[in-house]
Amino acid sequence: MLKLFNTLSRKKEEFTPLGDVVGIYTCGPSVYQYAHIGNFRTFVFEDVLVRYLKFRGFRVKRVMNLTDVEDKAIAAARKEGKTLQELTEYYSRIFFEDMEILNLLPADVFPRATEHVPEIIGIIKKIVDNGYAYRGKDGTVYYDVSRFNRWGELSHL
1 MLKLFNTLSR KKEEFTPLGD VVGIYTCGPS VYQYAHIGNF RTFVFEDVLV RYLKFRGFRV
61 KRVMNLTDVE DKAIAAARKE GKTLQELTEY YSRIFFEDME ILNLLPADVF PRATEHVPEI
121 IGIIKKIVDN GYAYRGKDGT VYYDVSRFNR WGELSHL
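Under my numbering, the residues of the sequence shown are numbered 1 to 157, in order.
What the hints contain is simulated information worked out from the structure, not anything from laboratory work.
Predicted, not measured: the structure shown is a model, and the values here were computed from it.
Treat the hints with caution; some may be incorrect.
Stated by the list, open to error - Below, in silico cross-link-like pairs of lysine-lysine (BS3-like), each with a Cα-Cα straight-line distance of 30 Å or less:
| hint | residue 1 | residue 2 |
| --- | --- | --- |
| 1 | Lys72 | Lys126 |
| 2 | Lys61 | Lys12 |
| 3 | Lys3 | Lys82 |
| 4 | Lys12 | Lys54 |
| 5 | Lys82 | Lys72 |
| 6 | Lys61 | Lys3 |
| 7 | Lys11 | Lys61 |
| 8 | Lys72 | Lys11 |
| 9 | Lys61 | Lys126 |
| 10 | Lys126 | Lys137 |
| 11 | Lys54 | Lys11 |
| 12 | Lys125 | Lys137 |
| 13 | Lys72 | Lys3 |
| 14 | Lys126 | Lys79 |
To be verified - Derived CB-CB ranges, DEER-like:
| hint | residue 1 | residue 2 | range |
| --- | --- | --- | --- |
| 15 | Val141 | Arg93 | 43 to 51 Å |
| 16 | Tyr52 | Leu8 | 19 to 27 Å |
| 17 | Arg135 | Val48 | 37 to 45 Å |
| 18 | Tyr90 | Phe148 | 32 to 40 Å |
| 19 | Arg93 | Ile37 | 18 to 26 Å |
Yeah, the Cβ is synthetic: ideal placement off N, Cα and C, and Gly gets one too.
Make the full structure from the sequences, and use the hints.
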C-alpha cells in the first residue's frame, strides 16, 4: 500500500487513483540556465514514484512543463546576445542530457510555455474579467487573494 503526505489534511493517506490513469504534473525547469540540484531532487523523487506506480501495475501519464519565456530568460538572452529561442533550446538540450545521465525516465509530454501563450493570456483575461485579479499601474496582473476565501488553505495560512 502506498501512502503519500496530503498537504491539505497534513496526514499521510493511502493513495487511491481517481481514474484508470494516474496523472502526474511536474513544474519543470526554467530553461534560461542550468538546472540545479534542487530541481533534480524533485525530478528524482517523481522518477522513483512513477517507477513504483508502474511496477504496481498503474498506468501513468506524466507531464513536465518547460518554462521557456519569463523576464529572467529574456534578460539572460539579451545578456548572452542570443535570441530567447536560442538560449532556451540550448538549456533545454542540456537539461534532457542531464536527465539521461541520471537515468531518469522522461515525462510523456514536455509542453513549453511558448507553445501555450494564447491560452495563458485567455486564462489571465478570464481571471481579470471575473474580478479575481487586477492590473497594477505598470500593467502587471496580480491575483487578488481577498477574492478567494480558501486562499492559503494548502499552506494553512
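Hint by hint, here is what the structure shows:
no.	hint	verdict
1	Lys72 - Lys126	holds (26 Å)
2	Lys61 - Lys12	holds (23 Å)
3	Lys3 - Lys82	violated (46 Å)
4	Lys12 - Lys54	holds (21 Å)
5	Lys82 - Lys72	holds (14 Å)
6	Lys61 - Lys3	holds (19 Å)
7	Lys11 - Lys61	holds (25 Å)
8	Lys72 - Lys11	violated (37 Å)
9	Lys61 - Lys126	holds (28 Å)
10	Lys126 - Lys137	holds (19 Å)
11	Lys54 - Lys11	holds (24 Å)
12	Lys125 - Lys137	holds (17 Å)
13	Lys72 - Lys3	violated (38 Å)
14	Lys126 - Lys79	violated (34 Å)
15	Val141 - Arg93: 43 to 51 Å	violated (32 Å)
16	Tyr52 - Leu8: 19 to 27 Å	holds (22 Å)
17	Arg135 - Val48: 37 to 45 Å	holds (43 Å)
18	Tyr90 - Phe148: 32 to 40 Å	holds (39 Å)
19	Arg93 - Ile37: 18 to 26 Å	holds (19 Å)
Figure legend: structure checked against the earlier numbered hints; hints not met, in rising order: 3, 8, 13, 14, 15.
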